[in-house]
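Asks: Could you build the full structure based on these sequences and the hints that come with them?
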Amino acid sequence: MQKNRSYLSPGDYPRIYLYRRVVQAKLFIDAQYDQKIDLRDIADEAYFSKFHFTRLFKTIYNKTPHQYLISVRIERSKLLLAEGMPVSAACSTVGFESAASFSGLFKRITGIAPAEYSRQQVARKAEIKKTPLKYIPNCFAENKGRTKKSNIR
Amino acid sequence: MQLILKTKKMITKLNHVSIFVLNQDSAYEFYVNKLGFKVHTDAPMGPGMRWLTVCPPEQPDLEISLMSIDAGMMFTEESAKQMKDLVSKGTFGFGVFECNDLQATYEELKVKGVEFKKPPTKEFYGFEALLKDDSGNWFSLGQKK
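These protein sequences, in sequence, are chains A and B. If you're matching positions, the first sequence starts at 8 in the working numbering and goes up one per residue. If you're matching positions, the second sequence starts at 11 in the working numbering and goes up one per residue.
Take these hints with a grain of salt, some might be off.
The calculated PhoX-like cross-link candidates involving lysine-lysine, where the alpha carbons are at most 20 angstroms apart (straight line), are [said to hold, decoys possible]:
no., chain 1, residue 1, chain 2, residue 2
1, A, Lys114, A, Lys85
2, B, Lys94, A, Lys85
3, A, Lys136, B, Lys128
Listed next, with one range per pair, are the computed distances between beta-carbon atoms [as the list claims (entries may be wrong)]:
no., chain 1, residue 1, chain 2, residue 2, range
4, B, Thr17, A, Glu123, 31 to 41 angstroms
5, B, Gly82, A, Phe58, 51 to 61 angstroms
6, B, Val42, A, Thr100, 47 to 57 angstroms
7, B, Val106, A, Ile44, 50 to 60 angstroms
8, B, Ser98, A, Phe35, 31 to 41 angstroms
9, A, Glu123, B, Ser98, 38 to 48 angstroms
10, B, Lys18, A, Ser99, 46 to 56 angstroms
11, B, Gly46, A, Ile23, 34 to 44 angstroms
12, A, Arg62, B, Pro129, 17 to 27 angstroms
13, B, Glu125, A, Ser105, 20 to 30 angstroms
14, A, His73, B, Lys127, 50 to 60 angstroms
No wet-lab data here; the hints were simulated from the structure. The C-beta atom is built at its ideal place from N, Cα and C for all residues, glycine as well.
Replies: As structure tokens, this is what we get:
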């Protein structure tokens with residue numbers, strides 16, 4: 008097996024250097040998604056032209072930086088909505104300026120309106136709390152001794 | 011006239027798999043905040059018991075149960091101690107994760123402090139790295155072909 012294994016060749020290192028810069032840009036978006044992010048600034052930070060940066064980013068993540076930023080904001084908003092945060096507050100908390108465009112994007116990406124998503128998730132959490140055994144495979148519940156003589160249902 | 015046979019299939023899919031972890035809070039931090047998995051169910055089950063399952067982002071119907079190794083219902087005191095010892099020694103490899111771009115994923119997880127047993131390496135069967143979770147369980151990480 009060993010003879011078939013090869014670590015990266017010296018020729019790969021410039022490529023890895025580029026990778027690291029794109030990954031840093033992605034991590035910057037992950038951390039600053041709720042701020043006004045100008046993707047030209049990120050490209051400049053990563054020492055790329057905007058065109059080159061966008062192309063490399065899309066090659067790695069299958070999304071343009073802008074599409075990725077939108078997806079991060081929507082994912083974060085889902086967590087907030089599931090906690091019961093009002094739609095308008097979730098919208099501004101994750102960095103969207105317009106509630107209408109947020110709702111439209113949210114529905115297009117998730118297939119459900121944010122208010123309805125929030126209602127469903129809050130109800131699900133309440134049900135898990137009330138009847139946790141509905142969410143646990145029976146074999147595990149039995150192993151945990153929860154199906155008999157238990158107050159938890 | 012075409013005859014349509016309706017047959018019930020036997021086993022059709024795997025929907026739950028367990029990973030034994032030393033600490034569920036720490037495992038939550040690792041799988042959710044570092045690997046980016048989604049929490050599926052997080053249900054408190056009374057003192058010292060918590061049903062915690064996570065899913066890979068693109069596989070919402072596979073729940074990975076992060077099972078705490080505690081003496082009680084599943085383990086005796088002795089077997090819990092043995093199991094904890096084996097897990098922390100890195101005895102168990104639990105599976106193969108897949109990503110779109112291995113080099114980028116490796117670079118990101120390294121920044122996040124994930125420990126790798128092996129960096130991305132070209133093997134005869136593909137491009138692969140080996141990562142360890144916070145308990146000591148290890149996984150192969152491959153790239154979608």
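Asks: Does each hint hold? Answer for all of them.
Replies: Against the structure, the hints:
no.: 1; hint: Lys114/A - Lys85/A; in the structure: holds, 11 angstroms
no.: 2; hint: Lys94/B - Lys85/A; in the structure: violated, 35 angstroms
no.: 3; hint: Lys136/A - Lys128/B; in the structure: violated, 41 angstroms
no.: 4; hint: Thr17/B - Glu123/A: 31 to 41 angstroms; in the structure: holds, 37 angstroms
no.: 5; hint: Gly82/B - Phe58/A: 51 to 61 angstroms; in the structure: holds, 59 angstroms
no.: 6; hint: Val42/B - Thr100/A: 47 to 57 angstroms; in the structure: violated, 19 angstroms
no.: 7; hint: Val106/B - Ile44/A: 50 to 60 angstroms; in the structure: violated, 35 angstroms
no.: 8; hint: Ser98/B - Phe35/A: 31 to 41 angstroms; in the structure: holds, 35 angstroms
no.: 9; hint: Glu123/A - Ser98/B: 38 to 48 angstroms; in the structure: holds, 45 angstroms
no.: 10; hint: Lys18/B - Ser99/A: 46 to 56 angstroms; in the structure: holds, 50 angstroms
no.: 11; hint: Gly46/B - Ile23/A: 34 to 44 angstroms; in the structure: violated, 21 angstroms
no.: 12; hint: Arg62/A - Pro129/B: 17 to 27 angstroms; in the structure: holds, 26 angstroms
no.: 13; hint: Glu125/B - Ser105/A: 20 to 30 angstroms; in the structure: violated, 43 angstroms
no.: 14; hint: His73/A - Lys127/B: 50 to 60 angstroms; in the structure: violated, 36 angstroms
In summary, the structure is inconsistent with hints 2, 3, 6, 7, 11, 13, 14 from the numbered list given earlier, while agreeing with the others.
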